[in-house]
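Listed below are the residues making up each chain.
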Amino acid sequence: GQSLEQPSEVTAVEGAIVQINCTYQTSGFYGLSWYQQHDGGAPTFLSYNGLDGLEETGRFSSFLSRSDSYGYLLLQELQMKDSASYFCAVSKVNKFYFGSGTKLNVKP
Amino acid sequence: DVKVTQSSRYLVKRTGEKVFLECVQDMDHENMFWYRQDPGLGLRLIYFSYDVKMKEKGDIPEGYSVSREKKERFSLILESASTNQTSMYLCASTSGTGGNQPQHFGDGTRLSIL
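Chains A and B are the protein sequences, given in the same order.
Be aware that the first sequence starts at 1, since it is given in the numbering used here, and climbs by one per residue.
Be aware that the second sequence starts at 1, since it is given in the numbering used here, and climbs by one per residue.
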């Protein structure tokens, strides 16, 4: 099977920067995606890395290093609304495999 | 915007019942997926379908079956519900292959088996 590991919980203050890491044990995948899920809501797509390096989308950036089997999601200028769970996922052919998720708590 | 609609937000059924969860998407996506989400385990793929009448098993297909008779509709069937199938069930759809297409999720069905 596929294995993606994330920290279970991260806490940060409003306005700060936080990095959520994702390490994986799989190969031959197309890319690494990140999803956000608020309590009681549906997961929503945030970003995708098909190639190594950094992808930036507004306050969110995502990074992939295939040689290190590692990726991360970087959230800048944290806002209270960023409190949610964040999942990394790898895509292989038509299948997606998700990590167990990181609960981000943003405090005032 | 893509809309993925799951038929029920909350559902309570009894052990041994046959349970149907329905999912409809409105963007003509080829691929549709059923996941279950449990605390600390993330999203686990049950089944997916890449075309009408086509299906493939995911990581945890035991106790489940699926049906895709029309492109827009993907049904998950619990043949004989058991208490360990109490969970949040999420349906998703995506277009194309390659993984760079985002998955669009429904709001989920929270299923309780008593």
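Errors might be hidden in some of the hints.
If you only want the chain A side, here are some residues facing chain B, beta carbon under 8 Å, derived [what the hints assert, rightly or not]:
no., residue
1, 30
2, 50
3, 95
4, 99
Keep in mind the hints are simulated off the structure, nothing from the lab.
Think of the CB as a built atom: it goes at the ideal place given N, C-alpha and C, for glycine as much as any other residue.
message: Check the structure against each numbered hint from earlier and tell me which ones fail, lowest number first.
response: No hint contradicted; all consistent.
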